[in-house]
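K.L.:
Take a look at the letters that make up each chain.
There are 2 protein chains.
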Amino acid sequence: MPDILHRVGIKSPSPNDTYKALTTIEGLSKWWTEETQGETKADGVLQFRFGPNGGFDMQVLELDPTKWVLWQVIDGPEEWIGTRISFELKQEGDFTIVLFKHQGWKEPVEFMHHCSTKWGVFLMSLKSLIETGKGAPHPNDVLIDNWK
Amino acid sequence: MPDILHRVGIKSPSPNDTYKALTTIEGLSKWWTEETQGETKADGVLQFRFGPNGGFDMQVLELDPTKWVLWQVIDGPEEWIGTRISFELKQEGDFTIVLFKHQGWKEPVEFMHHCSTKWGVFLMSLKSLIETGKGAPHPNDVLIDNWK
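Going line by line, the protein sequences match chains A and B. Residue numbers for the first sequence follow full-length UniProt numbering, beginning at 1 and rising by one. Residue numbers for the second sequence follow full-length UniProt numbering, beginning at 1 and rising by one.
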C-alpha cells in the first residue's frame, strides 16, 4: 500500500517545541489550520477545518512526549477515513528531525499526489513556526495547485 | 513498493512552458540544479550535480511532447539507482497539472522521506519558475533539514 512520507529538520535545541506544536490546539492552529479544535490528549478527537473545503476529524491514538504522535482519521474525505498519520521526533545535533508518515491509503489516486505535496508544504510551515515564530496555516497556506 | 508522489498546478495557459522546463538544460537548471548537463533527447543521459553532495545521472527513457517525461536513474546514491522518475502533464483550465512519481524504491528508508519532501520543494520551484520567471534551483534551493 502506498504511503506519504516526509522528513524535515527544524533548527531547535530539543524536540520540546515541535512536540508542543503537534499536541496543543494553539500549536496546531499556527502551522496547519487556524480552524483547529478538540481534545489533544490520547483518545481525544481533533477537528481540523479548511473553510468551505471541509476538513478532517482525527482520533489521537498514541502520544509519547517529545518522541511520537499518532492519529487516525475518523471523518473527512472518503480516501482519508481509516488512514493513520504519524510524527516521529528525534534530535540530531541542532536539528529536531520530524519523520512523517500518512499510511493506509488504498490506492495512489491523484488526490494522494496532491496531499503528499500539501503535507510537505505544511511541514515546512511547522519548521518555519518553530524557527521564526511564524507558520503558514490555512487560510494563509501556500497554494500548490487548482485544488489549493 | 513505496513511491514518492506529488501534484502541483502551475498557472500557465498551456503545458508548453512546463514541458520545456523539463526537457531542456536551460529549463532544468532554472528549477532543480544549476549544475545540469547532458543530452535531453530520448536515450540521452542527463547529469544533475549538487556541489559536494554529488548528484544523479538519468537516462531519458520516454518523451511525449507536452504530456510525459520519463527518466531512469543510472548513477547516483545506491537507493536511487534503477528507480524511475516521471512527470505527467495535463491542462485543467488555467493550470498545467504536473503529476510526479519517483518509483522503484526498494525500502521506505529515511533518505526516501527526505527525498519526498525535497522533490515537493523542487516542484514548487518549477511552479515558481513558470509563474514568475524565477525558480530556486541548487545552490539556492530551499533547505528542508540537516541533509539539506
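Don't read these hints as lab results, they were simulated from the structure. Misleading hints may appear alongside valid ones.
Said to hold, decoys possible - Covered by chain A, per the in silico footprint, the following chain B stretches (three or more residues, Cβ under 8 Å):
(1) 16-25
(2) 65-78
Claimed, not checked - Below, a list of computed lysine to aspartate or glutamate pairs in the EDC-like style, where the Cα atoms sit at most 20 Å apart:
(3) A:20 <-> A:78
(4) B:11 <-> B:110
(5) A:67 <-> B:62
(6) A:148 <-> B:94
(7) A:90 <-> A:62
(8) B:106 <-> B:131
(9) A:90 <-> A:39
(10) A:20 <-> A:34
(11) A:106 <-> B:107
(12) B:106 <-> B:94
(13) B:20 <-> B:78
(14) A:101 <-> B:131
(15) A:106 <-> A:64
(16) B:148 <-> A:94
(17) B:106 <-> A:107
(18) A:11 <-> A:62
(19) A:11 <-> B:141
(20) B:11 <-> B:39
(21) B:90 <-> B:131
(22) B:101 <-> A:110
(23) B:11 <-> A:57
(24) B:148 <-> A:110
(25) B:148 <-> B:131
(26) A:148 <-> B:107
(27) B:67 <-> A:110
(28) B:11 <-> A:75
(29) A:90 <-> B:141
(30) A:90 <-> A:64
(31) A:67 <-> A:107
(32) A:20 <-> A:94
(33) A:106 <-> A:131
(34) A:11 <-> B:43
(35) B:67 <-> B:107
(36) A:20 <-> A:39
(37) A:148 <-> B:88
(38) B:101 <-> A:92
(39) A:101 <-> B:110
(40) B:90 <-> A:110
Here a beta-carbon is modelled for each residue, glycine too, at the ideal position from N, C-alpha and C.
K.L.:
For every hint, state whether the structure bears it out.
P.N.:
Structure-based check of each hint:
1. For the stretch 16-25 of chain B, the proposed coverage by chain A is not satisfied: 0 residues have a C-beta within less than 8 Å of a C-beta in that chain, short of the threshold of three.
2. For the stretch 65-78 of chain B, the assignment as covered by chain A is violated, since 0 residues bring a beta-carbon within under 8 Å of that chain's beta-carbons and 3 are needed.
3. As the CA atoms of residue 20 of chain A and residue 78 of chain A are separated by approximately 29 Å, the hinted pair breaks the 20 Å bound.
4. Our distance criterion of 20 Å between C-alpha atoms is broken by residue 11 of chain B and residue 110 of chain B, whose separation comes to about 33 Å.
5. With a C-alpha separation of about 44 Å, the suggested pairing of residue 67 of chain A with residue 62 of chain B is violated against the 20 Å cut-off.
6. A hinted pair counts as satisfied when its Cα atoms are at most 20 Å apart, and residue 148 of chain A with residue 94 of chain B qualifies at roughly 13 Å.
7. The hinted pair formed by residue 90 of chain A and residue 62 of chain A meets the criterion: a straight-line CA distance of about 16 Å does not exceed 20 Å.
8. Between residue 106 of chain B and residue 131 of chain B the alpha-carbon distance is near 35 Å, which puts this suggested pair outside the 20 Å criterion.
9. Restraint check: the Cα-Cα separation between residue 90 of chain A and residue 39 of chain A comes to about 25 Å, which exceeds 20 Å; the hinted pair is violated.
10. A hinted pair counts as satisfied when its Cα atoms are at most 20 Å apart, and residue 20 of chain A with residue 34 of chain A qualifies at roughly 16 Å.
11. Proposed proximity of residue 106 of chain A and residue 107 of chain B is supported: the alpha carbons are some 19 Å apart, at most 20 Å.
12. Restraint check: the Cα-Cα separation between residue 106 of chain B and residue 94 of chain B comes to about 37 Å, which exceeds 20 Å; the hinted pair is violated.
13. A threshold of 20 Å between alpha carbons decides the hint, and for residue 20 of chain B with residue 78 of chain B the separation of about 29 Å lies outside it, so the pair is violated.
14. Distance restraint check for residue 101 of chain A and residue 131 of chain B: the Cα-Cα separation of roughly 30 Å exceeds the 20 Å cut-off, and the hinted pair is therefore not satisfied.
15. The suggested pairing of residue 106 of chain A with residue 64 of chain A is violated, with an alpha-carbon distance near 28 Å, which exceeds 20 Å.
16. Between the alpha carbons of residue 148 of chain B and residue 94 of chain A the distance comes to roughly 13 Å, so the proposed pair stays at or under 20 Å and holds.
17. At most 20 Å may separate the alpha-carbon atoms for a hinted pair to count; residue 106 of chain B and residue 107 of chain A meet this at roughly 19 Å.
18. Between residue 11 of chain A and residue 62 of chain A the CA atoms are separated by roughly 25 Å; this puts the pair beyond 20 Å, and the hint is violated.
19. At roughly 17 Å between alpha-carbon atoms, residue 11 of chain A and residue 141 of chain B fall within 20 Å of each other, so this suggested pair holds.
20. Taking the CA atoms of residue 11 of chain B and residue 39 of chain B, the gap is near 28 Å; set against the 20 Å cutoff, the hint is violated.
21. About 16 Å separates the Cα atoms of residue 90 of chain B and residue 131 of chain B, which keeps this hinted pair within 20 Å; it holds.
22. Between residue 101 of chain B and residue 110 of chain A the alpha-carbon distance is near 11 Å, which keeps this suggested pair within the 20 Å criterion.
23. Distance hint between residue 11 of chain B and residue 57 of chain A is unfulfilled; the C-alpha atoms sit about 32 Å from each other, more than 20 Å.
24. For the given pair, residue 148 of chain B sits about 28 Å from residue 110 of chain A by alpha-carbon distance, which is inconsistent with the 20 Å threshold.
25. Simply put, residue 148 of chain B and residue 131 of chain B have alpha-carbon atoms about 25 Å apart, too far for the 20 Å limit, and the pair is violated.
26. Only pairs whose Cα atoms come within 20 Å are accepted, and residue 148 of chain A paired with residue 107 of chain B is rejected, the gap being roughly 31 Å.
27. Of the pairs offered as hints, the one joining residue 67 of chain B and residue 110 of chain A holds, with about 16 Å between alpha carbons and a cut-off of 20 Å not exceeded.
28. Between residue 11 of chain B and residue 75 of chain A the alpha-carbon distance is near 32 Å, which puts this suggested pair outside the 20 Å criterion.
29. Our distance criterion of 20 Å between C-alpha atoms is broken by residue 90 of chain A and residue 141 of chain B, whose separation comes to about 24 Å.
30. Proximity of residue 90 of chain A to residue 64 of chain A is assessed by CA-CA distance (about 12 Å); at most 20 Å being required, the pair is judged to hold.
31. With a C-alpha separation of about 29 Å, the suggested pair residue 67 of chain A and residue 107 of chain A falls outside the 20 Å cut-off, and the hint is violated.
32. Taking the CA atoms of residue 20 of chain A and residue 94 of chain A, the gap is about 18 Å. The hint holds against a cut of 20 Å.
33. For a cut-off of 20 Å, the pair hint linking residue 106 of chain A to residue 131 of chain A is broken: about 35 Å separates their Cα positions.
34. A distance of roughly 42 Å separates the Cα atoms of residue 11 of chain A and residue 43 of chain B; the hinted pair therefore is violated under the 20 Å criterion.
35. Restraint check for residue 67 of chain B and residue 107 of chain B: the C-alpha separation of about 29 Å exceeds 20 Å, so the hint is violated.
36. Proposed proximity of residue 20 of chain A and residue 39 of chain A is supported: the alpha carbons are some 14 Å apart, at most 20 Å.
37. Pair hint residue 148 of chain A plus residue 88 of chain B holds up; C-alpha atoms about 19 Å apart against a cutoff of 20 Å.
38. Taken as a hint, the residue 101 of chain B and residue 92 of chain A pair is broken in the structure, with Cα atoms around 29 Å apart against an allowance of 20 Å.
39. With a C-alpha separation of about 11 Å, the suggested pair residue 101 of chain A and residue 110 of chain B falls inside the 20 Å cut-off, and the hint holds.
40. Between residue 90 of chain B and residue 110 of chain A, the direct Cα distance comes to roughly 12 Å. Compliance with the 20 Å bound is thereby established for this hinted pair.
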